[in-house]
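Quick note, the sequences are listed as chains G and R, same order.
Number 12 in the numbering used here belongs to position 12 of the first sequence; there are no gaps in the numbering.
Remember, the numbering used here sits 95 above the position in the second sequence when you count from 1.
Worth double-checking, as some hints may not be accurate.
Within a straight-line C-alpha distance of at most 25 Å, the following computed BS3-like cross-link-like pairs (lysine-lysine) qualify [what the hints assert, rightly or not]:
#1 G/33 with R/307
#2 R/562 with G/33
#3 R/591 with R/562
#4 R/201 with R/221
#5 R/358 with R/463
#6 R/358 with G/28
#7 R/224 with R/243
#8 R/562 with R/520
#9 R/178 with R/224
A few chain R residues that don't get close to chain G, going by computed Cβ distances all over 12 Å [unchecked claim]:
#10 214
#11 228
#12 312
#13 318
#14 488
#15 492
#16 567
#17 617
None of these hints come from the bench; they were simulated from the model.
Note that the structure is a prediction, hence the values are computed from the model and not measured.
Cβ coordinates follow ideal geometry from the N, Cα and C atoms, glycine included.
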Amino acid sequence: MPCTRLIDTNGGEKIVTSMTAELSPVRKSILPKGGDTWTSIAARELPGVAEADAVGMLQSWNLHVFMRAAGGVGRMRGDNPILPSDVIFVEAPRA
Amino acid sequence: MNKNTGRMDMYDLVIRNGRVVDGSGMPAFTADVAVKGDRIVRIGRVEQAGAREIDASGKVVAPGFIDPHTHFDAQLLWDGAAKPALSHGVTTIVSGNCSLSLAPLKAEHRMKLVGMFNQIEEMPLKAFKEGVVWDWETFPEYLARIRKGLSINVGQLVGHSVLRLWVMGEAAMERTATDAEIAEMQALLRECLDAGAIGLSTSYVDMDETLKPVPSRYADAGEVEALAAVLSEYGRILQIVPEFYDPDLTIARLDQLAEISLKYGISTTFSPLFVNADNIAAVDRVMARVDEQFARGARVWPQVQTRPIDISFSFAVPSLIFIRLPGWYNIMRFGTPEEIVAAFAGGESRERLIAEATPMMDLWSFLKLRQVASEANQQYVGKTLAEIGKLRGVTALEAMIDLSVEENLDAHFMAENMGHNEDGKVGSLLRHPRVHIGASDGGAHILSFSTYGDTGYLFGHFVRDAKLLSLEEAVKKITSDTAAIWAIPERGLIAKGLIADIVVFDPAAIDRGEEVYVQDVPGEGSRYVRDAHGVDTVIVAGGVAWSAAEGYTDDARGAIVPPAIAASAELEAA
Numbered sequence: 001m002p003c004t005r006l007i008d009t010n011g012g013e014k015i016v017t018s019m020t021a022e023l024s025p026v027r028k029s030i031l032p033k034g035g036d037t038w039t040s041i042a043a044r045e046l047p048g049v050a051e052a053d054a055v056g057m058l059q060s061w062n063l064h065v066f067m068r069a070a071g072g073v074g075r076m077r078g079d080n081p082i083l084p085s086d087v088i089f090v091e092a093p094r095a
Numbered sequence: 096m097n098k099n100t101g102r103m104d105m106y107d108l109v110i111r112n113g114r115v116v117d118g119s120g121m122p123a124f125t126a127d128v129a130v131k132g133d134r135i136v137r138i139g140r141v142e143q144a145g146a147r148e149i150d151a152s153g154k155v156v157a158p159g160f161i162d163p164h165t166h167f168d169a170q171l172l173w174d175g176a177a178k179p180a181l182s183h184g185v186t187t188i189v190s191g192n193c194s195l196s197l198a199p200l201k202a203e204h205r206m207k208l209v210g211m212f213n214q215i216e217e218m219p220l221k222a223f224k225e226g227v228v229w230d231w232e233t234f235p236e237y238l239a240r241i242r243k244g245l246s247i248n249v250g251q252l253v254g255h256s257v258l259r260l261w262v263m264g265e266a267a268m269e270r271t272a273t274d275a276e277i278a279e280m281q282a283l284l285r286e287c288l289d290a291g292a293i294g295l296s297t298s299y300v301d302m303d304e305t306l307k308p309v310p311s312r313y314a315d316a317g318e319v320e321a322l323a324a325v326l327s328e329y330g331r332i333l334q335i336v337p338e339f340y341d342p343d344l345t346i347a348r349l350d351q352l353a354e355i356s357l358k359y360g361i362s363t364t365f366s367p368l369f370v371n372a373d374n375i376a377a378v379d380r381v382m383a384r385v386d387e388q389f390a391r392g393a394r395v396w397p398q399v400q401t402r403p404i405d406i407s408f409s410f411a412v413p414s415l416i417f418i419r420l421p422g423w424y425n426i427m428r429f430g431t432p433e434e435i436v437a438a439f440a441g442g443e444s445r446e447r448l449i450a451e452a453t454p455m456m457d458l459w460s461f462l463k464l465r466q467v468a469s470e471a472n473q474q475y476v477g478k479t480l481a482e483i484g485k486l487r488g489v490t491a492l493e494a495m496i497d498l499s500v501e502e503n504l505d506a507h508f509m510a511e512n513m514g515h516n517e518d519g520k521v522g523s524l525l526r527h528p529r530v531h532i533g534a535s536d537g538g539a540h541i542l543s544f545s546t547y548g549d550t551g552y553l554f555g556h557f558v559r560d561a562k563l564l565s566l567e568e569a570v571k572k573i574t575s576d577t578a579a580i581w582a583i584p585e586r587g588l589i590a591k592g593l594i595a596d597i598v599v600f601d602p603a604a605i606d607r608g609e610e611v612y613v614q615d616v617p618g619e620g621s622r623y624v625r626d627a628h629g630v631d632t633v634i635v636a637g638g639v640a641w642s643a644a645e646g647y648t649d650d651a652r653g654a655i656v657p658p659a660i661a662a663s664a665e666l667e668a669a
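So that you can see chain G by itself, here it is in the shape it has in the complex:
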């Protein structure tokens, strides 16, 4: 179902609500939760899809994140390239 985003100021959790009548459907995306990785987003947003496949899909839909150098050795973000501010698409581009 098409959706819009609302943000809970307590902890930055996203709340997905059903779309209001005024908004057209757009490509579905989320804002990451604290500590999110490709795997955790895949498990939450693409349930029922095998983990490796789901991660591969997410990465291909989010090249703006996937192609970014990760935090680097010794950095707190380790090899996770996802920034807390990123938009993560959870579906392919619409035709």
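Following the hints, put chain R in place on chain G, whose structure we already have.
The following block gives chain R in isolation, referenced to the frame of chain G:
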């Protein structure tokens, strides 16, 4: 007694017989405008004399222009007129965009911020070293510092990245903030807003000098919302730089902004929105979403710049135009001038550079030579490298290299109209009621292109030549509309009782001049600028700050807008 008219002076300034375009969008009308102190006191037939009189016959009298997207933060420390912005009729600038402001800033973070300004806005390190006396840390201290000698009004945003640096130190570039840190950022933002900050800026794209994301990009949505909640207390704006290269990402960001706007009742703006031949459909999608969000009651103003994208460079400083050519970028970034000349002059290094750049011959052929120092090469100025190469019997690429060697790297080339040059589409966007004209980036990228003269280009190109906007529409867009979007009080209109920020210009002549490379940056630094054409007089708070006849004056009446909260309370009470 006025010695010219023989009449008693009743006003400090009278502008006579001008065509008043008052900023409201209403049709122009002929009238005199009288000023007393810093206020417009009469519009119509003015019998009494002014201590100073300006004959505006045949000229337009308009509110001073407001430029909402600049990076004059550093320049204001040595130049209170934000030259040459003021001479173009811009009487108010907004600085501190894109998550970067010079305050609040602890001493230990100064060089970090200088690095970010250098990387993102191309402000030379030497200008900071030789032009800046670091005698502030807090936001009020910074405002007090720049307020001295201001000829132009300044709306100063608070940069989200510097808020994080102040509160979190190095961790600002590593992780999300804790609840306690967010609360501290909220308190710090309140202190800034109390002092007169115009809003908050954040960025979702920018990288620091080590090519790591800037601190604002380590904030989660909850942190941004917590800061928006503070903006809501003051009715202040949130500015962001979205991932403008991708329409789906831009739409996702404007949806995020719309929710913030609705939830907290604040104005928001994102910049830039560019139009190119290959992305018109994408821009239409973004604008359709903007329309839908406005229809819901949200305020999400896309900023569209007037000028096409031109990129200028010499080989004396690194240029992003070479970023996809590692051999070239490496020598420009890390080589001394002598090493660059040696690499260009001949031998294996020259052959290697030519081989690397030859696949881009179409680009080199299209470049124009804009400026040289030697008399011998003046004959080539204004010609494309393809034309110069033909005259010299070499390729365009070889012509570029040879001219650079002959000029000891002081040869300047320009790639004109590299983007944002679909006139019809850009014009329709500039007219759009939900588009905010801005994104000039004034004061930034000073070694890549001139960020001055966008207002002249608006009137010269889109109003006078292409006739895509009326004069009244264009003036309204960059005066009262901007003042309303940014909640700037008492400015943006020619109206009785408002502050007298006024520009007098010739509608048949206003334009931006040719881009030139000048040395006027501290530390013997240089930058690309454009002079103003057709602007007659620029008045700030009733004082002539610049005129074509006098140039810049010493009448420095620029202010911080909005005023500090205490002053605002007095205003409301009055």
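What hint numbers does the structure not satisfy?
2, 3, 5, 12, 13
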